Each structure stands twice: as C-alpha cells, then as structure tokens.
Amino acid sequence: MSWETKPLLLKNGLPIPQQFDPALDEWVEYTNEDIKALRSELALVKTELQTIKANQLSGDQKVTLSGTIEPQDNIVIGARAVRDSFESFFVPPSTVPALARGVIITLVVYGVTGTFASGEGYQLELLEHAFGSTQAKKLASTLPSTVSGNQSGGIIKVYPGIEKIDNHKYVDVPTIINNNFRVIFSVTGTFQAGEGIDCEVQLRWLY
Amino acid sequence: MVILNYCYAETPNKETIPAGDGWEFWGMRNTPDESVAVWRRDADIYGESEEQE
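Just so you know, the protein sequences line up as chains A and B, in that order.
Here our numbering is used: the first residue of the first sequence is 1, the next is one more, and so on.
Here our numbering is used: the first residue of the second sequence is 208, the next is one more, and so on.
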C-alpha cells in the first residue's frame with residue numbers, strides 16, 4: 001500500500017487537506033471543487049432528513065403492516081332456544097374488550113309460533129348501565145315483530161359517528177358503547193306449550 | 208332450553224303437510240294479518256332448506 005509509504009503533502013511543515021489518488025499513486029490536495037461537491041451532498045442529506053422528520057411529526061410517514069386480519073366470529077350471548085318470555089343477557093365490564101368502541105347485536109329468528117295481537121311480537125333491546133347492573137338507560141329498541149324467515153329478527157348497531165337509523169328492525173345508534181350493558185329479548189303474545197320464538201342472540205365487537 | 212337445529216316450513220293449515228320427509232307440526236302462528244301452520248324438521252338430517260320440496 002503505497003499510501004502508507006508516500007509522504008503527506010506539507011505546507012510550512014504541516015499536513016494540508018489531502019486525499020490519496022490511487023490512479024496517480026500519490027497524495028493530492030483537496031480542491032475547492034471537491035469541497036463544493038461535499039457541501040452539495042451534505043445539503044441533499046440535510047434536506048432528506050428534514051423531510052423524514054416532518055413526516056414523522058405530521059403523521060404522513062408511510063409504513064407497511066404485515067400479518068393477517070383474523071375474521072371475527074359473532075359471540076353467542078343467548079343460545080338458540082324457543083323463548084316465550086322476556087330474557088336478559090347482561091354483558092359485564094370484564095367481558096368487554098378494552099379497545100371496543102362499538103357493538104353489533106343481532107337477534108336471529110329461525111321460527112315463530114303463537115298468537116299475536118296487533119302490536120305484539122318479539123323485540124330486541126339494548127340498555128346501558130351507569131353502575132353495576134342498575135341505573136339502566138335504554139339505548140335502542142326494535143319494534144315488535146312476528147316475522148319469521150326473510151326480514152325476521154333484529155339488529156342494533158352502536159358505534160360513534162355512524163348515521164342514526166331507526167327503521168324498526170335495524171337500529172343504528174351513533175355513540176360509543178358503554179363497557180357495561182344489557183341485551184334484552186322480549187316477547188308478547190299467547191303461546192301454547194312448546195310454542196314461542198326459536199331464536200339466538202349474537203354480539204360482535206367493533207373497534 | 209337449547210333445541211335441535213330445526214329448519215321450518217309453513218303451510219296454510221295443519222292438515223297440509225309440507226312435501227318431503229321428517230316434518231313435524233310445531234304450532235300455529237296467528238297474527239292480525241295471517242294464520243299459518245308451522246312445521247319443523249332437523250336440519251342436520253334433512254338439510255337447511257326451508258323451501259317446500
């Protein structure tokens with residue numbers, strides 16, 4: 001390695017700014033052009049760093065997530081059964097996921113028997129509790145229905161910012177879900193032994 | 208009471224049995240707008256279809 005043996009360039013006995021040029025096999029002095037080129041490169045790096053910092057602070061930084069989104073099954077909170085009277089399904093705070101902001105509650109109706117006067121039928125209701133299982137406030141309720149098969153059942157959706165909808169069977173409530181609530185299946189009508197509403201109550205968390 | 212995985216069919220009255228096997232009479236559904244006989248059978252044995260055969 002000749003750069004180890006070639007003497008440095010000196011001025012007044014002191015080394016001057018220099019670099020070893022392998023093509024010339026000797027030390028050569030830094031020129032103003034070299035320094036200008038370095039300054040230009042540094043300016044580019046500085047600009048890029050400023051852009052990266054600005055994107056990080058503004059949230060515009062692009063990132064890529066990897067992995068898969070697992071499909072979420074509905075949770076059955078009221079097992080399929082023939083019901084001919086009121087039934088309540090309490091959802092305590094310990095079962096509400098910490099990041100849940102909303103919920104979809106579905107009443108699945110498989111079959112209906114019984115005698116129903118005008119205004120009677122099954123309903124799905126949602127109550128939230130301010131404390132424990134008391135101090136309830138009704139958030140949503142479907143209207144009584146006797147429909148079986150197509151267009152049967154009911155859905156209540158709670159999520160902040162959604163459009164408020166109430167078409168009697170499908171109720172959307174624009175609010176955040178309380179971590180302490182109760183789902184109610186209620187029914188009015190007259191039933192012979194074994195008759196009623198063959199139904200199931202399901203729940204799905206929204207994040 | 209948890210029940211079987213029933214599927215259902217409806218006929219105008221309890222004297223009219225749906226086509227196909229396995230149907231049992233469950234009850235009537237009487238409302239101001241309709242009166243139908245409701246039949247049921249085990250969907251795990253006979254399938255999910257609610258259509259009359």
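In case anyone wonders, no lab produced these hints; they're calculated from the structure.
Some hints here could point you the wrong way.
[Stated by the list, open to error] Take a look, some chain A residues computed to stay more than 10 Å from chain B by CB distance:
hint, residue
1, R101
2, Y110
3, Q135
[Stated by the list, open to error] Here chain B is said to cover these stretches of chain A; the calculated rule only asks that three of the stretch's residues, wherever they fall, bring their Cβ under 8 Å from a Cβ of chain B:
hint, stretch
4, 7 to 19
5, 43 to 57
6, 89 to 99
7, 178 to 185
All values derive from a computational prediction rather than experimental measurement.
Using N, Cα and C, we set each Cβ at its ideal position, and we do this for glycine too.
Hints, one by one, checked against the model:
A/R101, annotated as away from the interface, keeps every beta carbon of chain B farther than 10 Å; the closest lies near 32 Å. Residue placement check: A/Y110 does not keep its beta carbon more than 10 Å from all beta carbons of chain B (closest about 7 Å). Its beta-carbon lying about 32 Å from the closest one in chain B, A/Q135 satisfies the requirement of being farther than 10 Å from that chain. With 0 residues bearing a CB less than 8 Å from a CB of chain B, the stretch 7 to 19 of chain A misses the requirement of three and the coverage assertion fails.
Chain B is given as covering the stretch 43 to 57 of chain A, and this is violated because 0 residues of the stretch bring a CB closer than 8 Å to a CB of that chain, at least three being needed. With a cut-off of 8 Å between beta carbons, the stretch 89 to 99 of chain A has 0 residues touching chain B; three or more are needed, and the interface restraint is violated. Here's how the stretch 178 to 185 of chain A fares: 0 of its residues keep a CB closer than 8 Å to some CB of chain B, so the rule of at least three is not met and the hint is violated.
Checked against the numbered hints above, the structure violates hints 2, 4, 5, 6, 7; every other hint is satisfied.
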